[in-house]
Amino acid sequence: MSVRSVPGWAQACSSAFVPLRVRSAAQSFRASLNQHILSPDVSLTRVASGASEVYRSDQIIRENPRDDLLISLHRSGSGSVSQHGRQVKLVAGRATMYDASAPYVLSFPGRISEVVLQVPRRCLPMSRNAFADLTARPLPDGGPLRALTALATSAEADAAPGPLENAALADALMSLLRATLSSSSAVQPPQIDSELLVTAARQYIDEHLADPLLSPGRVADHHHISLRLLQKLFTRVGDSPVSYIRRRRLEHSRNLLLHGATVGQAATAVGFNDVDTFTRAFKRLYHELPSRVRPTGVHYRGELSYS
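Taken in order, the sequence shown gives residues 289 to 595; the numbers are from our numbering.
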């Protein structure tokens, strides 16, 4: 498949891989994509494109959740993959992995070619945290990776074989991928920036106060860390995830009340399903009933930005 426009390329990539968006600064954009579906779980795609930036954002993920892992086997040109606060440079012969369940950006300043192996996360016996540690890093250059690259490159260049050959090829690729990732697991990730992670967790909480299901566990999962580590990081700054969520909910509910919201509106807007529970929590923090809070004169119109 060949395309000559950025919108066409976005559609082609979204159909072949996962829903995403494409930006390009090139005056004359040209790209091609050739995909081989080897099994219900495994596909190989040959990609060639001009200068572009491909990204999958939080909003796209919410609208189109996927758990695919994509392994880029870079053949020519240069670029980068950014995910989980890291960036890996792509050059000919280098490989990296990125995860469709978290935001990522692929940047290519000029023409490139690569082969992309795509598999669902469930096919690899690794934890979510392990995947987060391995994405946007160079996969180690060793025997398993060289064999994987050679097999993937030769397979995508050949005419499509029959179903039995496709299944055998998919099994071989998966075995080599597991061996490659197993050798990667010995690489120690960099030290966690505790302050940065707490700041990111607080921002996530502030953006999701209206969600009744918001919990420390959800916050930990979103940032690909354990609940125990999240609690430990908050303890270092004299707080806890539970206390922070409850405090911020009540602070924002008070702002809503000051802007004319009813008690029921304020409770619902900050994730409380039960007004009585909200009232008791509010009184414990502010030593007064929410119904006693008097508006400041600015009328509540159904929403209030969190600050």
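Note that these hints are calculated values from the structure, not bench results. Note that beta-carbon positions come from the ideal geometry of N, C-alpha and C, so glycine has one too. A hint or two may mislead.
[Stated by the list, open to error] Label-pair restraints from in silico Cβ distances:
(1) Gly296 to Gly398: 35 to 45 Å
(2) Asp499 to Ser470: 55 to 65 Å
(3) Arg292 to Glu351: 25 to 35 Å
(4) Tyr574 to Thr523: 39 to 49 Å
(5) Thr523 to Asn322: 48 to 58 Å
(6) Tyr574 to Asp329: 15 to 25 Å
(7) Arg354 to Glu495: 14 to 24 Å
[As the list claims (entries may be wrong)] Straight line, CA to CA, 20 Å or less: simulated EDC-like cross-link-like pairs of lysine to aspartate or glutamate:
(8) Lys377 to Glu341
(9) Lys520 to Asp564
(10) Lys377 to Asp421
(11) Lys520 to Asp562
(12) Lys520 to Asp509
(13) Lys377 to Glu453
- prompt: Can you list which hints this structure breaks, lowest number first?
  reply: Hints 1, 2, 4, 6, 9, 11 and 13 not satisfied by this model.
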